[in-house]
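Protein chains: 2
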Amino acid sequence: MTADKLSVQVAINSWRSTVERVNKMLSNLPDDQLLKEVAPGRNRVVYLLGHLTAAHDAMFPILGLGERLHPELDAIFVSNPDKTEAQPPVGELRKYWEEVNGKLLAQFATLSPDEWLLRHNAMSEEDYAKDPTRNRLAVLLSRTNHMSYHLGQMTLALK
Amino acid sequence: MTADKLSVQVAINSWRSTVERVNKMLSNLPDDQLLKEVAPGRNRVVYLLGHLTAAHDAMFPILGLGERLHPELDAIFVSNPDKTEAQPPVGELRKYWEEVNGKLLAQFATLSPDEWLLRHNAMSEEDYAKDPTRNRLAVLLSRTNHMSYHLGQMTLALK
Numbered sequence: 001m002t003a004d005k006l007s008v009q010v011a012i013n014s015w016r017s018t019v020e021r022v023n024k025m026l027s028n029l030p031d032d033q034l035l036k037e038v039a040p041g042r043n044r045v046v047y048l049l050g051h052l053t054a055a056h057d058a059m060f061p062i063l064g065l066g067e068r069l070h071p072e073l074d075a076i077f078v079s080n081p082d083k084t085e086a087q088p089p090v091g092e093l094r095k096y097w098e099e100v101n102g103k104l105l106a107q108f109a110t111l112s113p114d115e116w117l118l119r120h121n122a123m124s125e126e127d128y129a130k131d132p133t134r135n136r137l138a139v140l141l142s143r144t145n146h147m148s149y150h151l152g153q154m155t156l157a158l159k
Numbered sequence: 001m002t003a004d005k006l007s008v009q010v011a012i013n014s015w016r017s018t019v020e021r022v023n024k025m026l027s028n029l030p031d032d033q034l035l036k037e038v039a040p041g042r043n044r045v046v047y048l049l050g051h052l053t054a055a056h057d058a059m060f061p062i063l064g065l066g067e068r069l070h071p072e073l074d075a076i077f078v079s080n081p082d083k084t085e086a087q088p089p090v091g092e093l094r095k096y097w098e099e100v101n102g103k104l105l106a107q108f109a110t111l112s113p114d115e116w117l118l119r120h121n122a123m124s125e126e127d128y129a130k131d132p133t134r135n136r137l138a139v140l141l142s143r144t145n146h147m148s149y150h151l152g153q154m155t156l157a158l159k
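Protein sequence lines, in the order shown, are assigned to chains Z and U. Read left to right, the first sequence gives residues 1 to 159 (this note's numbering). Read left to right, the second sequence gives residues 1 to 159 (this note's numbering).
If you are wondering where the hints come from, they were derived from the structure by calculation, not from laboratory data. Mixed in with the good hints there might be a few duds.
No copy labels: a pair is met if it fits in one copy or bridges any two.
Said to hold, decoys possible - Cut-off 30 Å, straight-line C-alpha distance, at most; resulting in silico cross-link-like pairs (DSSO-like, lysine-lysine):
id	residue 1	residue 2
1	130	24
2	36	130
3	24	36
4	95	83
5	5	159
6	159	83
7	36	83
8	95	36
9	24	103
10	83	24
11	130	95
12	130	159
13	5	83
14	5	36
15	83	130
With the hints as extra help, turn the sequences into a complete structure.
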């Protein structure tokens with residue numbers, strides 16, 4: 001494996017293992033426990049699940065990997081706080097989560113190491129020219145950390 | 001910047017920005033608030049601060065960057081749960097956190113891109129030969145995620 005391919009593979013492994021940790025946690029939380037707040041007065045697990053699904057879904061256009069599958073989630077789980085918008089049933093959200101992550105991981109494999117180091121689409125050509133570290137790989141690491149951040153919170157709802 | 005150098009730089013940026021987020025959170029938490037549990041019956045912020053400091057300190061030998069600065073933290077913040085061992089004063093822990101992260105970041109800059117892709121010291125030669133993604137870069141990403149995970153929890157103690 002070449003050095004640049006190895007770096008990208010390490011980053012994708014880190015993403016995948018974090019998704020697997022979330023999946024494991026979700027499999028240990030029955031639907032009614034997903035409706036628990038992670039701490040008193042804080043987000044419910046179900047909100048964080050929708051929030052992560054929306055953030056991952058937004059990666060398709062940012063990484064140039066096609067259209068979003070569920071743009072409707074943004075208004076419910078990103079632009080507005082928990083308990084203000086009507087949410088899809090928990091079972092649907094679990095399906096969206098699987099669907100978005102399954103397609104993302106398949107799409108990641110279509111990018112070459114060089115393509116991972118190209119500008120991401122939330123970045124202008126000008127800003128990218130000033131800072132070439134604002135690339136697709138940076139988006140992948142940023143979203144992996146975002147997922148870990150909320151995983152740490154969701155885990156608090158486990159018994 | 002060469003492709004492999006760029007990948008490593010993206011990973012180090014991700015580490016650094018996560019440390020900065022923790023620092024910002026800590027600067028917003030007076031010492032007495034560090035003694036709060038992140039959720040009822042869960043770890044206190046001060047324990048998670050010690051836990052992260054111990055985990056980062058352990059990166060020196062794992063990455064081949066020298067001796068640990070505070071090996072004594074493991075017994076208090078890794079091997080044993082919160083509220084079982086006598087802890088250093090909060091002010092001391094804040095200093096250790098700064099000290100360990102400052103030295104780590106300086107040491108990161110001494111590794112070449114190729115060295116980041118070499119085996120880390122918690123890995124045998126044999127296992128590394130089977131899976132070359134078990135390298136220093138993987139340790140960096142794993143510890144960045146670990147920090148994000150607990151940052152998500154510590155943030156719950158903010159008002």
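Here's how the hints hold up against the structure:
no., hint, result
1, 130 / 24, "between (40 Å within a copy, 26 Å between copies)"
2, 36 / 130, "neither (45 Å within a copy, 43 Å between copies)"
3, 24 / 36, "both (17 Å within a copy, 28 Å between copies)"
4, 95 / 83, "within (21 Å within a copy, 40 Å between copies)"
5, 5 / 159, "neither (40 Å within a copy, 44 Å between copies)"
6, 159 / 83, "both (23 Å within a copy, 19 Å between copies)"
7, 36 / 83, "both (12 Å within a copy, 26 Å between copies)"
8, 95 / 36, "within (19 Å within a copy, 36 Å between copies)"
9, 24 / 103, "within (19 Å within a copy, 35 Å between copies)"
10, 83 / 24, "both (25 Å within a copy, 28 Å between copies)"
11, 130 / 95, "neither (40 Å within a copy, 35 Å between copies)"
12, 130 / 159, "neither (48 Å within a copy, 37 Å between copies)"
13, 5 / 83, "neither (43 Å within a copy, 45 Å between copies)"
14, 5 / 36, "neither (41 Å within a copy, 44 Å between copies)"
15, 83 / 130, "neither (41 Å within a copy, 48 Å between copies)"
Checked against the numbered hints above, the structure breaks hints 2, 5, 11, 12, 13, 14, 15 and satisfies the rest.
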